[in-house]
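**Q** The primary structure of each chain is shown beneath.
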Amino acid sequence: MNPAIELIKIDKSFGPVHANRAVDLRVERGTIHGIVGENGAGKSTLMSILYGFYEADSGEIRVNGEPVRIRSSADAIEAGIGMVHQHFMLVETLTVLENVMLGAEGGALLARGTARVRAELRRLSDDYGLVIDPDAEVGDLSVGLQQRVEIIKALYRGADILILDEPTAVLTPPEAEALFGLLRALRAQGKTVILITHKLHEIMAITDRVSVMRRGEMVAHLNTASTSPPELAEAMVGRRVLLRVEKGARAPGAPLLEVEGLSVADMLGVFRVQDVSFQVRAGEIVGIAGVAGNGQSELLEAIAGMRPVAAGTIRFEGRELAAEDRDPHELRRRGLLHVPEDRLRMGLVPQFEAFESAALGFTDDPAFARGPLLDHGRMVEDLAAKMEKYDVRPPSPRLKTSLFSGGNQQKIVLAREIERGPKVLLIGQPTRGVDIGAIEFIHRRLVELRDAGVGILLVSVELEEVMSLSDRILVLCGGRLTGERRPDGTDERDLGLLMAGVEDAA
Amino acid sequence: MSAPLTIPRWADVVLVPLVSVASAFLVAGLVVLFIGEDPLSVTRILLQGSLGSGEGLGFTLFYATNFIFTGLAVAVAFHAGLFNIGGEGQATLGGLGIALALLNLGFLPGFLLIPVGILAAAAFGAAWAFVPGYLQARRGSHIVITTIMFNWLATVLMVYLLGNVLRETGSMSLETRAFPEASHVPALHEFLGLFGVAIPTSQLNLTLLVALAACVAVWLLIYRSRLGFAIRTVGANPTAAAYAGISATRVTVIAMSVSGALAGGLAVNELMGYQHRLLLDFTAGYGFIGIAVALMGRAHPVGIVFASILFGMLYQGGAELAFEKPAITRDMIVVIGGVLILFAGALDGLFRRLVAGALTRRPRAVEA
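Just so you know, the sequences run in chain order A and B. With my numbering, letter number 150 in the first sequence gets 144, and the count goes up by one each step, no holes. Every number in my numbering is 261 more than the matching position in the second sequence, counting from 1.
Mixed in with the good hints there might be a few duds.
Here are some of the chain B residues that sit facing chain A, going by a computed Cβ distance under 7 Å [stated by the list, open to error]: (1) 485; (2) 494; (3) 497; (4) 498; (5) 500; (6) 504; (7) 506.
These are calculated hints, taken from the structure and not from any lab test. Ideal Cβ placement from N, Cα and C applies to all residues, glycine included.
Given the sequences, and given the hints that come with them, work out the whole structure.
**A** Next up, the structure:
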């Protein structure tokens, strides 16, 4: 039987960057095929070529043994390839039905198309357990259900081969489980799934075969059953990787950050954080666990001075912060630094050259001044040094910020904040969308900071990350603290209950 | 959906504008053909009229000076993410500032009058832009709406003041008496005459040097100063600005004020350099053309200088054309200008795409 997809010697360059180098890939029909690799390894480029976003410079694509030319997403759909993007392509104000129908209305009058989509939705729900209310407005659906709509869209358009790009990055653990169940059902019906992910445990849990990319090349094709996470990690990074955080015991010092009775309201006056109290001491990592959207972002931003505080006090180094001190600029000057959750939306300016993004918040540094102007030469040198230390690739301070991969962007933000010598570091989602080699590096760096006496407040939706890094874990649900744990005195189940709002009896 | 466009910088700043200008002239040529004139001779007259004589060149550069000021004004606001289309009103107020200062401060030593006039133009222009800036920053009133309204307010205010307060006694026309001699910015032919260099007479005056200095100053401000960094951050990513502790309110108000001050330069060139009195409607739409100039010049001072010269040529060469070819009225020139704006401004993305396509399409494509 011919393989569902066969890529032969695919080559693609963007200017000087050789994103794909003679890449071969064979995906058998009716399998789930994982593709792993660090950020910038060329996975996304390869999938973009398969889906018609880019055209390869050379090479051949075969679908079911037939050579095809894919120059647009329309060609891809024609060939039976569907894609579920990391960022959904949905119209939030339309219903599920309307979104599925969009671009495939079938005539000027909607009635016939509507009936057909309705019937098809029913069939999909019967065949794959893809249960969804066709008349729900997409904007009201949870992220997991929105993703389901994307999958339904692809199937409705006749996809036999489904590409999913980092599908679990936005999902809670139960939603991810549901997705995997669905993917298994698709496989059982003979569909082919290509899964791009960073998370090795997902690869192990669901794929049949896995291909590893590194620096634009395919370095390994493995049967999942006969490989292991350490072997995959080594293939991705090209060296041995520690998947566990090594962290010694350390007695915390004096409290640096004390939050008492803190409440934060959003623009509509809805309380997103309510009556939260905790301390972060010197040499301690306090992790905040919780399902995304339970007040973590608001909490971080309020402490960082970006949001007004509705009630409560924040003390920094023992002194209460008055309203006028709660300004990001002033707090940064005092040593309360902040690595924001969303680096592209908040931590960087994508259009700026990297050295400018790396000066965000620190432009008044005398080292960057030349008379009344900014000394670009020095700013570039400064970032060049940091890039070397943090192994940012490519090490080009004058490259536009948006052209770096996610992990490298994150390293630029981290270098900017950490190298300023924080007393307290607020850090949100430190490894979101970051590849394994970089995760190891970032975790090690955070532990070093803690050992040097910095107080760290860590917010992450990756439970594993919170559990392995933190000295103490606080759980936030619906804007309230539902419990506190030590990492050695808890497990995922216990935290999961607290995250779901089951309050501590103690 | 399509792939993101990445094209080399040289193509972005040189090739794309060239292609769009060439296409604009091609389409304009068709229009000329349609009304029964010969596009080639029309082009010849246009170029001859604007560049072919010292006098024509002088007028071209005089108009270009106006466009540089209004183009820079739009560009500075644009970097802060603001669309200032109130250049007309701000320049009008700049003219009022000049008149009030020069007509009332005639007792100052003569050498002070020119700097005082320039400062007055900048201050009044800035103040007229400050108000919409403040309303945007504090009350969320949309800057496009408020600046349009402020254009009308400026016009009406000027009619009132010239009709009832500032008009020269005994004069029937809506204009002030002449400014003191010492406040006249020297015309270039007079200035060079001092050194024995004779050039043809035109309206071109030393304000051009002020405009070029303003270009350097704007470049330093936007790309090299802390304030410029803050302005560009607010314009490009307001959330990141909030994260960095940059006050969007402050940046909005400052950027608008700087923008208004630059628009005031138009009044310096027109009134202190040429008319030597305040009169109605001296802004003549230069403020609006500034939007096209800034768009075409990619909001960069160097680009703005080139775009300004192009529009200066169109103004001067167009005047010659209307004179030589009765079939081509001033309105036709407006049409050509409009086509240029359409191609350079609105269809910019289209040409970027075409250029990007031409540059990336390689012969060694995927084998089918």
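**Q** Next, verify each hint and record whether it holds.
**A** Hint-by-hint comparison with the structure:
1. 485: holds, 4 Å
2. 494: holds, 6 Å
3. 497: Holds: closest Cβ of chain A sits about 5 Å from residue 497 of chain B, inside 7 Å.
4. 498: holds, 5 Å
5. 500: holds, 5 Å
6. 504: Nearest chain A Cβ about 5 Å off; hint holds.
7. 506: holds, 3 Å
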